[in-house]
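**Q** My request is simple: use the sequences and hints to build the entire structure.
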Amino acid sequence: MRIAVIPALNPRYRAFRLKRAERSPSRYRSLTLPTRRIVLSAAFAFCAMVMIAKEATAQGVTGDSFVASESCPAFQSIRKGTNPGEVSTVQGIQYEIIDVNGNDPTHYRIRMPEARPQERWVAMECGSLASASSVQLSESPYGDPRGANALAEALGGPSGKAAATAPSEATDQQSPSGTYVLAANWHPAFCELRPRSRDCRSGGMEDGFKLHGLWPQPRNNEYCDVSRRDIAADQRGQWRDLPEPQITMATEQALAKAMPGMVADLHKHEWIKHGTCYEADAEEYFTDSLALVEKLNASPVGKLFRSNRGRELTSEEVRAVFDDAFGRGAGKRVLVDCNDDDGRSIINELQVNLEGEITPESDLGDLILNASTSPPGCRSGIVDRSGSQ
Numbered sequence: 006m007r008i009a010v011i012p013a014l015n016p017r018y019r020a021f022r023l024k025r026a027e028r029s030p031s032r033y034r035s036l037t038l039p040t041r042r043i044v045l046s047a048a049f050a051f052c053a054m055v056m057i058a059k060e061a062t063a064q065g066v067t068g069d070s071f072v073a074s075e076s077c078p079a080f081q082s083i084r085k086g087t088n089p090g091e092v093s094t095v096q097g098i099q100y101e102i103i104d105v106n107g108n109d110p111t112h113y114r115i116r117m118p119e120a121r122p123q124e125r126w127v128a129m130e131c132g133s134l135a136s137a138s139s140v141q142l143s144e145s146p147y148g149d150p151r152g153a154n155a156l157a158e159a160l161g162g163p164s165g166k167a168a169a170t171a172p173s174e175a176t177d178q179q180s181p182s183g184t185y186v187l188a189a190n191w192h193p194a195f196c197e198l199r200p201r202s203r204d205c206r207s208g209g210m211e212d213g214f215k216l217h218g219l220w221p222q223p224r225n226n227e228y229c230d231v232s233r234r235d236i237a238a239d240q241r242g243q244w245r246d247l248p249e250p251q252i253t254m255a256t257e258q259a260l261a262k263a264m265p266g267m268v269a270d271l272h273k274h275e276w277i278k279h280g281t282c283y284e285a286d287a288e289e290y291f292t293d294s295l296a297l298v299e300k301l302n303a304s305p306v307g308k309l310f311r312s313n314r315g316r317e318l319t320s321e322e323v324r325a326v327f328d329d330a331f332g333r334g335a336g337k338r339v340l341v342d343c344n345d346d347d348g349r350s351i352i353n354e355l356q357v358n359l360e361g362e363i364t365p366e367s368d369l370g371d372l373i374l375n376a377s378t379s380p381p382g383c384r385s386g387i388v389d390r391s392g393s394q
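Take any residue in the sequence shown, note its place counting from 1, add 5, and you have its number in my numbering.
Be careful, since some hints might not be right.
[As the list claims (entries may be wrong)] The calculated lysine-lysine pairs, modelled on DSBU-like cross-linking and capped at a C-alpha distance of 35 Å, are:
#	residue 1	residue 2
1	LYS262	LYS308
2	LYS300	LYS337
3	LYS300	LYS262
4	LYS308	LYS278
5	LYS262	LYS337
6	LYS278	LYS337
7	LYS337	LYS308
8	LYS85	LYS337
9	LYS278	LYS262
10	LYS278	LYS300
[As the list claims (entries may be wrong)] FRET-style restraints, in silico, Cβ to Cβ:
#	residue 1	residue 2	range
11	ASP347	GLN123	10 to 20 Å
12	GLU249	ARG206	39 to 49 Å
13	ASP286	SER133	34 to 44 Å
14	ARG84	GLY334	32 to 42 Å
15	ASN313	THR111	37 to 47 Å
16	GLU257	SER377	31 to 41 Å
17	GLU130	GLU288	26 to 36 Å
18	GLU322	GLY370	15 to 25 Å
19	SER207	ARG316	15 to 25 Å
20	ARG311	GLY332	19 to 29 Å
21	ALA303	GLU130	15 to 25 Å
Everything labelled a hint here was simulated from the structure, so no lab data went into it.
We treat Cβ as the ideally placed atom computed from N, Cα and C, and that holds for glycine.
**A** As structure tokens, then:
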């Protein structure tokens with residue numbers, strides 16, 4: 006049986022939310038006493054439902070979102086000030102909130118999928134909570150969950166069917182903006198931290214950048230017209246259960262070389278999560294993605310990495326080569342992502358902002374220069390060699 010649930014929030018963070026609501030004159034104190042009772046009753050009722058619905062997380066239900074208003078360091082430890090990979094938030098990007106630090110909190114603990122480790126602490130002043138969409142529910146078999154309406158309406162959030170839409174539910178709103186991020190992975194660095202991955206038995210390919218993905222923006226533009234079942238399988242990491250993208254044999258062979266993770270079904274994940282929002286079929290999505298990576302590898306940027314294997318590069322050096330290769334200002338549209346490997350900072354991938362219509366004939370420099378700027382990412386990292394270092 007399916008029941009309506011709210012996000013399974015950390016108890017400390019749930020208490021923080023209730024305290025925050027009590028302090029808000031416009032949201033809580035202005036409510037009449039009967040309405041307050043409805044709010045509290047509904048809240049406790051749904052907290053009980055969360056305990057019963059053990060599969061809620063597996064269905065893709067997440068907590069509140071933190072929207073970064075600027076680039077801020079994302080710490081693994083607030084007290085120690087450690088930040089493996091020197092990761093920062095990206096302005097305008099939403100992150101899932103997991104926890105807060107104590108009863109009088111100063112930081113949110115958020116999940117950053119591209120960071121290692123993923124769970125990081127950021128200062129509250131670095132951004133804001135998303136709107137009342139935090140009170141969102143899985144679809145109810147009863148059509149109109151009265152408790153959900155009472156809670157959502159009282160706090161100014163969506164009600165009825167609007168409140169019964171899970172954050173991870175498929176959307177048919179494909180990206181109209183023409184803005185993207187090309188994630189180009191340095192494969193040996195990936196394999197350094199995941200040596201048991203099926204695509205890492207050779208220690209990683211160091212002949213150039215490999216395709217991680219092409220991501221329509223904004224960041225939460227994901228899973229367009231995708232079934233709940235496939236979303237749940239993808240978010241559980243059960244990628245082999247996802248449907249095969251419909252591509253030609255020639256594209257499949259080219260993709261196998263450019264995306265080593267294909268043997269671990271990475272292509273299925275990238276298509277379901279990002280490609281479905283690309284406003285094209287799978288063949289065009291992967292053909293365009295392959296063309297972008299090929300152009301990046303053929304540029305001075307690819308040469309820089311191939312000629313500096315085993316050496317350290319700064320983000321300033323990487324960005325300067327982008328300027329030389331694609332025009333002044335191109336480097337400001339590139340984020341250098343690093344991972345920590347037992348005290349070594351290694352460059353994991355480049356995330357390149359793009360804007361415009363992408364075709365195999367598109368000029369990569371024009372796409373980059375049309376895009377918005379990006380934080381630099383880590384200060385420096387080693388261009389890892391193949392094999393364990």
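**Q** Work down the list of hints and note, for each, if the structure agrees.
**A** Checked hints:
1. Of the pairs offered as hints, the one joining LYS262 and LYS308 holds, with about 18 Å between alpha carbons and a cut-off of 35 Å not exceeded.
2. For a cut-off of 35 Å, the pair hint linking LYS300 to LYS337 stands: about 19 Å separates their Cα positions.
3. A C-alpha spacing of about 15 Å is found between LYS300 and LYS262, which places the hinted pair at or below 35 Å, so the restraint holds.
4. Simply put, LYS308 and LYS278 have alpha-carbon atoms about 31 Å apart, close enough for the 35 Å limit, and the pair holds.
5. A distance of roughly 29 Å separates the Cα atoms of LYS262 and LYS337; the hinted pair therefore holds under the 35 Å criterion.
6. Only pairs whose Cα atoms come within 35 Å are accepted, and LYS278 paired with LYS337 is accepted, the gap being roughly 27 Å.
7. The suggested pairing of LYS337 with LYS308 holds, with an alpha-carbon distance near 19 Å, which does not exceed 35 Å.
8. For the hint linking LYS85 to LYS337, the alpha-carbon distance of about 30 Å falls within 35 Å, and the restraint holds.
9. A C-alpha spacing of about 21 Å is found between LYS278 and LYS262, which places the hinted pair at or below 35 Å, so the restraint holds.
10. The suggested pairing of LYS278 with LYS300 holds, with an alpha-carbon distance near 24 Å, which does not exceed 35 Å.
11. Restraint check, ASP347 to GLN123: a C-beta distance of roughly 18 Å satisfies the suggested window 10 to 20 Å.
12. Against the hinted window of 39 to 49 Å, the Cβ-Cβ separation of GLU249 and ARG206 comes to about 23 Å, which falls outside the hint.
13. About 37 Å separates the C-beta atoms of ASP286 and SER133, a value consistent with the hinted range of 34 to 44 Å.
14. For ARG84 and GLY334, the hinted distance range of 32 to 42 Å is satisfied, since their beta carbons lie about 39 Å from each other.
15. Checked against the hint of 37 to 47 Å, the pair ASN313 and THR111 passes, with Cβ atoms roughly 40 Å apart.
16. For GLU257 and SER377, the Cβ-Cβ distance of about 33 Å falls inside the hinted range of 31 to 41 Å, so the restraint holds.
17. The supplied range of 26 to 36 Å is broken by GLU130 and GLU288, whose beta-carbon atoms lie about 46 Å from each other.
18. Distance hint for GLU322 and GLY370: a CB-CB separation of about 19 Å, consistent with the stated range 15 to 25 Å.
19. Between SER207 and ARG316 the Cβ separation comes to about 21 Å, which falls inside the hinted range of 15 to 25 Å.
20. Evaluation of the 19 to 29 Å hint for ARG311 and GLY332 yields a pass: the beta carbon distance comes to about 22 Å.
21. At roughly 43 Å, the beta-carbon separation of ALA303 and GLU130 lies outside the given 15 to 25 Å, and the hint is violated.
In this structure, the earlier hints numbered 12, 17 and 21 are contradicted, and the remaining ones agree with it.
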